[in-house]
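S.K.: Here's the letter readout for the chains.
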Amino acid sequence: MPGSTLKPSHMRMPKRAGVGLKAEHYRTIIETSPDVGFFEVHAENYMGAGGPPHRYLSAIRDRYPLSLHGVGLSIGADRPLDKDHLSRLRRLIDRYEPALFSEHLAWSSHDAGFLNDLLPLPYTNAMLERVAEHIDQVQASIGRQMLLENPSTYLSFAESTWSEPEFIAEIVRRTGCGLLLDVNNVHVACTNQCWNPVAYLDACPLSDVQQIHLAGFATDADEKHRTLLIDAHDRPVAEMVWALYAHVIERTGPLPTLIEWDANVPSWPTLKAEAEHAQIVMADIDGARRRAPSFAGSTGNHRSHGAAPAQSRSGGGCP
Amino acid sequence: MIDTARGSTRNLPYPARRVRAASLAEQQAAFAIALLDAQQPLPTGLQGPDGQPSARRFAVYRNNVVVGLVETLKAAYPVILRLVGEEFFVAMARMYVRAEPPASPIMLDYGAGFPRFIGQFEPATALPYLRLLREITPYLRSLVRRWIKDAWDIEDAVQDILLTLHSIRHTYDPSRPFGPWLVGIANRRAIDKLRRRGRQALRETPLTAEHEATIAAAGNSDDALEKQHLEKVINDLPPIQRTAVDLLKLKEMSLKEASDATGLSVASLKMATHRALRNLRNLLSDRRDP
Numbered sequence: 000m001p002g003s004t005l006k007p008s009h010m011r012m013p014k015r016a017g018v019g020l021k022a023e024h025y026r027t028i029i030e031t032s033p034d035v036g037f038f039e040v041h042a043e044n045y046m047g048a049g050g051p052p053h054r055y056l057s058a059i060r061d062r063y064p065l066s067l068h069g070v071g072l073s074i075g076a077d078r079p080l081d082k083d084h085l086s087r088l089r090r091l092i093d094r095y096e097p098a099l100f101s102e103h104l105a106w107s108s109h110d111a112g113f114l115n116d117l118l119p120l121p122y123t124n125a126m127l128e129r130v131a132e133h134i135d136q137v138q139a140s141i142g143r144q145m146l147l148e149n150p151s152t153y154l155s156f157a158e159s160t161w162s163e164p165e166f167i168a169e170i171v172r173r174t175g176c177g178l179l180l181d182v183n184n185v186h187v188a189c190t191n192q193c194w195n196p197v198a199y200l201d202a203c204p205l206s207d208v209q210q211i212h213l214a215g216f217a218t219d220a221d222e223k224h225r226t227l228l229i230d231a232h233d234r235p236v237a238e239m240v241w242a243l244y245a246h247v248i249e250r251t252g253p254l255p256t257l258i259e260w261d262a263n264v265p266s267w268p269t270l271k272a273e274a275e276h277a278q279i280v281m282a283d284i285d286g287a288r289r290r291a292p293s294f295a296g297s298t299g300n301h302r303s304h305g306a307a308p309a310q311s312r313s314g315g316g317c318p
Numbered sequence: 000m001i002d003t004a005r006g007s008t009r010n011l012p013y014p015a016r017r018v019r020a021a022s023l024a025e026q027q028a029a030f031a032i033a034l035l036d037a038q039q040p041l042p043t044g045l046q047g048p049d050g051q052p053s054a055r056r057f058a059v060y061r062n063n064v065v066v067g068l069v070e071t072l073k074a075a076y077p078v079i080l081r082l083v084g085e086e087f088f089v090a091m092a093r094m095y096v097r098a099e100p101p102a103s104p105i106m107l108d109y110g111a112g113f114p115r116f117i118g119q120f121e122p123a124t125a126l127p128y129l130r131l132l133r134e135i136t137p138y139l140r141s142l143v144r145r146w147i148k149d150a151w152d153i154e155d156a157v158q159d160i161l162l163t164l165h166s167i168r169h170t171y172d173p174s175r176p177f178g179p180w181l182v183g184i185a186n187r188r189a190i191d192k193l194r195r196r197g198r199q200a201l202r203e204t205p206l207t208a209e210h211e212a213t214i215a216a217a218g219n220s221d222d223a224l225e226k227q228h229l230e231k232v233i234n235d236l237p238p239i240q241r242t243a244v245d246l247l248k249l250k251e252m253s254l255k256e257a258s259d260a261t262g263l264s265v266a267s268l269k270m271a272t273h274r275a276l277r278n279l280r281n282l283l284s285d286r287r288d289p
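Heads up: the protein sequence lines correspond to chains A and B, in order.
According to numbering that gives the first Met the number 0, the residues represented by the first sequence are 0 to 318, in order.
According to numbering that gives the first Met the number 0, the residues represented by the second sequence are 0 to 289, in order.
One or more hints might be untrue.
What the hints assert, rightly or not - Dumping the calculated SDA-like pairs for lysine to any residue here, alpha-carbon to alpha-carbon at most 25 Å:
1) B/Lys192 / A/Arg26
2) A/Lys21 / B/Ile105
3) A/Lys271 / A/Ala231
4) A/Lys223 / B/Gln46
5) A/Lys223 / B/Ala54
6) A/Lys82 / B/Lys192
7) B/Lys73 / A/Ser266
Hints were generated in silico from the structure; no laboratory data involved.
Produce the entire structure from the sequences given, and follow the hints as far as they go.
M.R.: Pasting the structure below:
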């Protein structure tokens, strides 16, 4: 079992809030050395020939812990993993020694080419085998543990025989990979699929979560006027997502938490304020847990971080 | 504060019925084809929360893929975007995305075949000016390569030259040969790029502990103030002196280049620079010794 021999990947990652590194903020960060827990970059953005991105990333890596987030490995594709891409990834990891490396439970490559989106998978036994095989191969290739991120989805497959969180839990169990829990994706998927987000979170292997993602979503509707949330990463984190985040942190304690904001990128102070918000949620809950060690989701004396998740499950048009 | 509903899976997606599924390979092939071509039927076996197919939901994936790739092309070909306009570009880019989706997950490399595609794109061949720019691009690239080695910087410089050509196209005199005019502009832009690059490298590479300490010690905001003040003082100079300082000192043109660019004689540029520097010295020393 490769899981038992893998180096744990979270040794150098502080349990604090970090942000996605954007070219717009390179200079501000280098000139002002702001107090954030870590930065995260998309691996594929640093696989080009060189130029400014590598110079900036090296300077930032010298000062901050780094998390590397892949968007192109296509772990859920039927076809074998792209060996060239895997070696580019290995070289990048050797060069920057990120504290965490993560990829998605999704597919994006096909004979037609690279489809540049995170596409959904059927949750079947055959798919489980395929994904576990690919994760074993990735972890063997990079010589360390990877984290798997739960997807945001707009459709599901009629043939699925597993629930999404149980499918993920089984992959984690089989491969020894960690979990990157994207709380915004949980909210988006649960709203779009009419699932209960609290039940979803409670079915997740929370003790294997090593990082959290938070982001903003856009709201749309489908042809039957049912709410359709789009994982847009283009605005602040929603109240509902903060509430689900607090629900997770109450159970796990503080975790490295990333603010993802990839489109309509805001000014640096706005982005940093989102990270500070996450930091405050963690500190509050951690303080309450320390004061009352038996605290387990009952009404503590810490302040509430938003609407109770279970109450707003309804969404438009769920049966 | 939170109803945990621990262990309840009542709303989790256990499917109500089993369907004989296509193999995974077939399924993903159908998905990929339907993504890139809106005329194709929806892939089967995909459903909304009521178990029914939903074109609107599938369109989210389609839109993510196509819009994402069109945006990548926009970023890679700003000159073409500006020349043909948004609507024409997007129409052309959407067809290209369908004809040649990316072969690799590295989006930085996507779109190398786009100029060739435009060459075959019927409505675009009706734009002779666009064809001209497209045809000179490989030649410009070879010119730039004499000055610049880094592939990234070469492409930057080529785009820069194309933009320059577009913005000063009215200065071309059709009675004179096109080649030397083009080469002159291309070389100048390439050298500019090289200079800027040199200065950047000087500023950027030696990021050492001492540099950090200096920044942390709040020297930084003084620098910014200094720069702001300098800009203001330069702006207050008489126009000819301001032009001379801008071209010779800030843009680092030679006297000959500045003379070509402004139509001023070398002698008057020298005189203007001399006067400007004397004025600047006075203005800046006033501030230091109030």
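S.K.: Are the hints correct? Go through all of them and say.
M.R.: Hints, one by one, checked against the model:
{"no.": "1", "hint": "B/Lys192 / A/Arg26", "in the structure": "holds, 20 Å"}
{"no.": "2", "hint": "A/Lys21 / B/Ile105", "in the structure": "holds, 17 Å"}
{"no.": "3", "hint": "A/Lys271 / A/Ala231", "in the structure": "holds, 19 Å"}
{"no.": "4", "hint": "A/Lys223 / B/Gln46", "in the structure": "holds, 13 Å"}
{"no.": "5", "hint": "A/Lys223 / B/Ala54", "in the structure": "holds, 11 Å"}
{"no.": "6", "hint": "A/Lys82 / B/Lys192", "in the structure": "violated, 37 Å"}
{"no.": "7", "hint": "B/Lys73 / A/Ser266", "in the structure": "holds, 23 Å"}
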